Amino acid sequence: MEFLRPVTWADALAAKAGQPDALPIQGGTDVMVEINFDVHRPPALLDLNPVRELAEVETLPDGTLRVGAGVPYVRLINELGDRLPGLAQASRTVGSPQIRNRGTVGGNLGAASPAGDSHPPLLASDAVIEAESSARGTRLIPAVDFYKGVKRNALEPDELIRAIRIAPASGPQYFSKIGTRNAMVIAVCSFAIALHPDERRVGTGVGSAAPTPRRATAAEEFLSAELDWDARGPLSVSVAQRFGELVKEAAAPIDDVRGTADYRKHALSVMARRTLTWAWNDHRATREEAS
Amino acid sequence: MRVNVTVNGSQEAVDDVWEGESLLYVLRERMGLPGSKNACEQGECGSCTVYLDGTPVCSCLVAAGQVEGREVRTVEGLATAGRRDAAGDTAGRAAAGHDELDPVQQAFLEAGAVQCGFCTPGLIVQSHDLIERNPEPSDAEIREALAGNLCRCTGYEKILDAVRLAAKRKASAE
Numbered sequence: 001m002e003f004l005r006p007v008t009w010a011d012a013l014a015a016k017a018g019q020p021d022a023l024p025i026q027g028g029t030d031v032m033v034e035i036n037f038d039v040h041r042p043p044a045l046l047d048l049n050p051v052r053e054l055a056e057v058e059t060l061p062d063g064t065l066r067v068g069a070g071v072p073y074v075r076l077i078n079e080l081g082d083r084l085p086g087l088a089q090a091s092r093t094v095g096s097p098q099i100r101n102r103g104t105v106g107g108n109l110g111a112a113s114p115a116g117d118s119h120p121p122l123l124a125s126d127a128v129i130e131a132e133s134s135a136r137g138t139r140l141i142p143a144v145d146f147y148k149g150v151k152r153n154a155l156e157p158d159e160l161i162r163a164i165r166i167a168p169a170s171g172p173q174y175f176s177k178i179g180t181r182n183a184m185v186i187a188v189c190s191f192a193i194a195l196h197p198d199e200r201r202v203g204t205g206v207g208s209a210a211p212t213p214r215r216a217t218a219a220e221e222f223l224s225a226e227l228d229w230d231a232r233g234p235l236s237v238s239v240a241q242r243f244g245e246l247v248k249e250a251a252a253p254i255d256d257v258r259g260t261a262d263y264r265k266h267a268l269s270v271m272a273r274r275t276l277t278w279a280w281n282d283h284r285a286t287r288e289e290a291s
Numbered sequence: 292m293r294v295n296v297t298v299n300g301s302q303e304a305v306d307d308v309w310e311g312e313s314l315l316y317v318l319r320e321r322m323g324l325p326g327s328k329n330a331c332e333q334g335e336c337g338s339c340t341v342y343l344d345g346t347p348v349c350s351c352l353v354a355a356g357q358v359e360g361r362e363v364r365t366v367e368g369l370a371t372a373g374r375r376d377a378a379g380d381t382a383g384r385a386a387a388g389h390d391e392l393d394p395v396q397q398a399f400l401e402a403g404a405v406q407c408g409f410c411t412p413g414l415i416v417q418s419h420d421l422i423e424r425n426p427e428p429s430d431a432e433i434r435e436a437l438a439g440n441l442c443r444c445t446g447y448e449k450i451l452d453a454v455r456l457a458a459k460r461k462a463s464a465e
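Residue numbers (the working numbering), protein chains in the order written: chain A, 1 to 291; chain B, 292 to 465.
Hints may contain errors.
Facing chain B, from chain A, some residues (calculated, C-beta under 7 Å) [what the hints assert, rightly or not]: (1) I25; (2) V33; (3) I35; (4) N49; (5) S96; (6) N101.
Computed far set for chain A versus chain B, every beta-carbon distance over 12 Å [stated by the list, open to error]: (7) A14; (8) F222; (9) R242; (10) T260; (11) H266.
By construction, these hints were calculated from the structure, which means they are not laboratory data. Just so you know, these numbers come straight off a predicted model, no measurement behind them. Virtual Cβ for every residue (Gly too), placed ideally from N, Cα, C.
Model the full assembly from the supplied sequences, consistent with the hints where possible.
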């Protein structure tokens, strides 16, 4: 095995181009598990820890946040929780403090597990993944197009993930996850909702309930049309119920060691209703504060 | 490959490191520092917790090459640092041959938070970090901080007692 240790982003891209089968490693919280158990022995590891650019967070001219692929979960929680509440909530459910000190959204995207905790909020917030190669430069991939199959993503062999581009929350966001305890849990299933009141639109993300993380598009369209965006009246029970059913219908889960398909579908409908209720109540409270 | 790393304040050059091995393996098998324990090798149990550049991490999930040029502090490095932190009178005791435990280690002993001892080094490093960052942690904060450290013996109550005791002592010493 080779160990590649580029110090700059340009060097990292050159290293990946020169050795496309090198496996990028950042926090190591997925990569090292597979090596320790000899599940996977890559010909080379490409250590991205020394690449400082990847640890940076910046605000682009249009207000979008550009979060470096190497920013660990602990920083998403502590530094970006106010602007990216959905992603911060999901980050807080990742592993344990030690894992959150090392693990990154970039790594979650690279691994592309359907159970990855960051995927649902990225989908709900219309995040865009910034990939780059030395040959073709930057490519912007919407999260919805990024997940291609179980542990497969849209990256080309010579590409690395540079950053995640995501707009600061324009409304309430929530993430919910089912597991046996509040730590060290791989999601049985998970759900994220983001209200975008200025666009009168709802975003969703469903995790661990299909071969890839996915949006519940029909549920989003239904809810965007039904919500009382202007008067911000109380949430109708039947609307919440129907939203839960549509989220359930968007899922295509399997039976496995963590849970059955039936349970996952049921849990998703409950999480969808609950997170919607929290989000809508927050939205209504905002108006009350303003008036 | 060779890995240059500072461990517990001492600069080391470790040779013949396999590119896929973990920091935990380097510490235990190549440097003779068996304090960090090898249990799950997948970040589930926290027994291998060490400081990497001042941040607690599972050393089983850090590739050895990733620590090049960086600083690692293991449970073996806490007692020494304890002496350094309390410079004055303890320097004299150290010279007289007493090994001054870190207050967190002392609290674990006194609270009976140690049974088989396997999880203890990881819990001590993680608790040490908690109290450094948050000198008066609530019970909920202690539980969350230690959520990634598994103990199969004590049932955690005495571990929580130990952390509360260490925090209290630190607060009254300051």
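Subject >> Hinted contact A:I35 with chain B - closest CB pair below 7 Å >> reply: 5 Å, holds
Subject >> Consistency of the no-contact label for A:A14, given chain B and a CB cut of 12 Å >> reply: About 18 Å separates A:A14 from the closest Cβ of chain B, which puts it past 12 Å; holds.
Original post:
Can we trust that A:T260 is non-interface, i.e. its beta-carbon lies farther than 12 Å from all of chain B?
Top reply: Holds, since 23 Å exceeds 12 Å.
Original post:
Does A:V33 pass the interface check with chain B, least Cβ-Cβ distance below 7 Å?
Top reply: Because about 4 Å separates A:V33 from the closest Cβ in chain B, which is inside the 7 Å limit, the hint holds.
Subject >> Hint validity - A:I25 Cβ closer than 7 Å to any chain B Cβ >> reply: Because about 6 Å separates A:I25 from the closest Cβ in chain B, which is inside the 7 Å limit, the hint holds.
**OP:** May I ask you to check that A:F222 keeps its beta-carbon over 12 Å from the closest beta-carbon of chain B?
**Re:** 37 Å, holds
Subject >> Minimum beta-carbon distance criterion (7 Å), A:N101 to chain B >> reply: The hint holds - A:N101 has a Cβ within 7 Å of chain B, the shortest such distance being about 5 Å.
**OP:** Find the nearest Cβ of chain B to the Cβ of A:H266 and say whether that gap is larger than 12 Å.
**Re:** Answer for A:H266: holds, closest chain B Cβ roughly 27 Å.
Original post:
Against chain B, is A:S96 within 7 Å by beta-carbon distance?
Top reply: Holds: closest Cβ of chain B sits about 2 Å from A:S96, inside 7 Å.
**OP:** Beyond 12 Å from every chain B Cβ: check whether that's true for A:R242.
**Re:** At about 36 Å from chain B, A:R242 clears the 12 Å cut-off, so the statement holds.
Original post:
Against chain B, with CB atoms and a cut of 7 Å, does the hint on A:N49 hold up?
Top reply: This interface hint holds because 5 Å falls under the 7 Å limit.
The structure agrees with every numbered hint stated previously.
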